[in-house]
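Residue strings, one per chain:
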Amino acid sequence: DVKVTQSSRYLVKRTGEKVFLECVQDMDHENMFWYRQDPGLGLRLIYFSYDVKMKEKGDIPEGYSVSREKKERFSLILESASTNQTSMYLCASSFPFGVVSPLHFGNGTRLTVT
Amino acid sequence: KQEVTQIPAALSVPEGENLVLNCSFTDSAIYNLQWFRQDPGKGLTSLLLIQSSQREQTSGRLNASLDKSSGRSTLYIAASQPGDSATYLCAVAGANSKLTFGKGITLSVRP
Chain U
1 DVKVTQSSRY LVKRTGEKVF LECVQDMDHE NMFWYRQDPG LGLRLIYFSY
51 DVKMKEKGDI PEGYSVSREK KERFSLILES ASTNQTSMYL CASSFPFGVV
101 SPLHFGNGTR LTVT
Chain Z
1 KQEVTQIPAA LSVPEGENLV LNCSFTDSAI YNLQWFRQDP GKGLTSLLLI
51 QSSQREQTSG RLNASLDKSS GRSTLYIAAS QPGDSATYLC AVAGANSKLT
101 FGKGITLSVR P
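These protein sequence lines are chains U and Z, in that order. Letter 114 of the first sequence, counting from 1, is numbered 114 in our numbering, and no numbers are missing. Letter 47 of the second sequence, counting from 1, is numbered 47 in our numbering, and no numbers are missing.
These aren't lab readings, by the way, just hints derived from the structure by calculation. Fair warning: this is a prediction, and the values are worked out from it, not measured in the lab. One thing to keep in mind: the hints can contain errors.
Incomplete in silico selection of chain U near chain Z, CB under 10 Å [to be verified]:
| id | residue |
| --- | --- |
| 1 | Val4 |
| 2 | Gln6 |
| 3 | Ser7 |
| 4 | Val12 |
| 5 | Phe33 |
| 6 | Leu43 |
| 7 | Leu45 |
| 8 | Val52 |
| 9 | Lys55 |
| 10 | Pro61 |
| 11 | Gly63 |
| 12 | His104 |
| 13 | Phe105 |
| 14 | Gly106 |
| 15 | Asn107 |
Here are the computed distance ranges between Cβ atoms for each label pair [as the list claims (entries may be wrong)]:
| id | chain 1 | residue 1 | chain 2 | residue 2 | range |
| --- | --- | --- | --- | --- | --- |
| 16 | Z | Asn22 | U | Gly63 | 32 to 40 Å |
| 17 | Z | Tyr76 | U | Glu17 | 44 to 52 Å |
| 18 | U | Ser82 | Z | Leu19 | 38 to 46 Å |
| 19 | Z | Ser52 | U | Ser80 | 40 to 48 Å |
| 20 | Z | Thr26 | U | Ser80 | 29 to 37 Å |
| 21 | Z | Gln81 | U | Glu79 | 43 to 51 Å |
| 22 | U | Val99 | Z | Arg55 | 17 to 25 Å |
The beta-carbon is built from N, C-alpha and C at its ideal position, and this holds for glycine as well.
Based on the sequences and whatever the hints tell you, model everything.
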């Protein structure tokens with residue numbers, strides 16, 4: 001079974017802190033994604049990556065950056081956390097476009113910024 | 001821009017009922033459509049994936065259909081059980097594997 005592991009289930013950070021959310025997958029997937037999920041807004045794509053050191057902006061990249069130094073690891077960085085970044089963050093991975101492959105999600109990190 | 005709609009937002013049914021969850025999308029140029037289940041406070045679990053060239057997929061008591069021309073998909077759950085209570089999301093994949101998600105339908109199956 002594919003496993004996507006997010007390093008923290010719950011995080012509480014203060015406004016202005018730099019925050020790192022880590023995600024690791026064990027299926028050699030090329031694609032990795034970061035979403036945030038908010039009540040009434042659904043899932044929104046923040047950033048995605050097709051390969052090591054490759055990244056592309058999703059629908060709401062402002063205030064975030066990402067890093068993919070190794071194929072299995074995709075990190076989301078909040079450069080200066082703000083209260084409007086309080087949310088559930090979900091990492092996902094899949095095989096590349098052209099391969100029939102469902103998206104596999106981690107269990108999420110619930111981030112609270114105070 | 002692709003938009004995915006799931007109506008109603010919530011549904012409550014008695015145990016044993018067969019039910020249909022609906023999903024509609026605005027752009028028929030899709031690569032595939034996926035149905036997911038999400039339990040409270042957890043991530044999403046993939047249920048079924050239908051490629052754009054397919055009409056339906058089945059897994060156990062679940063059957064998903066796809067009508068690209070009308071921009072619709074349905075998830076059929078046979079003989080519903082309390083353990084089926086969860087939020088069900090559909091998502092359509094466009095170019096480069098990017099998915100656009102609906103907001104989900106929260107299903108409650110009453111014993």
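Status of the hints after comparison with the structure:
1. Taken as an interface hint, Val4 (chain U) checks out: its beta carbon lies about 8 Å from the nearest beta carbon of chain Z, inside 10 Å.
2. The beta carbon of Gln6 (chain U) comes within 8 Å of a beta carbon in chain Z, closer than 10 Å, and the hint placing it at the interface holds.
3. About 14 Å separates the beta-carbon of Ser7 (chain U) from the nearest beta-carbon of chain Z, more than 10 Å, and the hint is not met.
4. For Val12 (chain U), the suggested interface contact is broken, since its CB lies about 16 Å from the closest CB of chain Z, more than 10 Å.
5. The beta carbon of Phe33 (chain U) is positioned within 10 Å of a beta carbon in chain Z (closest approach about 8 Å), and the interface hint is therefore held.
6. Taking 10 Å as the C-beta cut-off, the interface hint given for Leu43 (chain U) holds, the closest approach to chain Z being about 4 Å.
7. Among the interface hints, the one on Leu45 (chain U) holds; its C-beta lies about 7 Å from the nearest C-beta in chain Z, closer than the 10 Å criterion.
8. The criterion of a C-beta within 10 Å of any C-beta in chain Z is not met by Val52 (chain U), whose closest approach is roughly 16 Å, and the hint is violated.
9. A least Cβ separation of about 13 Å between Lys55 (chain U) and chain Z goes past the 10 Å threshold, and the interface hint is therefore violated.
10. Taking 10 Å as the C-beta cut-off, the interface hint given for Pro61 (chain U) is violated, the closest approach to chain Z being about 13 Å.
11. Given the 10 Å rule on beta carbons, the hint for Gly63 (chain U) is violated: about 20 Å separates it from the nearest Cβ of chain Z.
12. Interface hint at His104 (chain U): satisfied, since its Cβ lies 7 Å from the closest Cβ of chain Z, which is below the 10 Å cut-off.
13. For Phe105 (chain U), the interface hint holds, since its Cβ comes within 10 Å of a Cβ in chain Z; the closest pair sits about 4 Å apart.
14. A distance limit of 10 Å between C-beta atoms decides the matter here; for Gly106 (chain U) the minimum to chain Z is near 5 Å, and the interface restraint holds.
15. Annotation: interface hint on Asn107 (chain U) holds; nearest CB of chain Z at approximately 5 Å, less than 10 Å.
16. A hinted range of 32 to 40 Å holds for the C-beta pair Asn22 (chain Z) and Gly63 (chain U), which are about 34 Å apart.
17. The supplied range of 44 to 52 Å is met by Tyr76 (chain Z) and Glu17 (chain U), whose beta-carbon atoms lie about 47 Å from each other.
18. About 41 Å separates the C-beta atoms of Ser82 (chain U) and Leu19 (chain Z), a value consistent with the hinted range of 38 to 46 Å.
19. The hinted window of 40 to 48 Å between Ser52 (chain Z) and Ser80 (chain U) holds, with their beta carbons roughly 41 Å apart.
20. The given range of 29 to 37 Å is respected by Thr26 (chain Z) and Ser80 (chain U), whose C-beta atoms sit roughly 36 Å from each other.
21. For Gln81 (chain Z) and Glu79 (chain U), the Cβ-Cβ distance of about 46 Å falls inside the hinted range of 43 to 51 Å, so the restraint holds.
22. With their beta carbons about 21 Å apart, Val99 (chain U) and Arg55 (chain Z) fall inside the hinted range of 17 to 25 Å.
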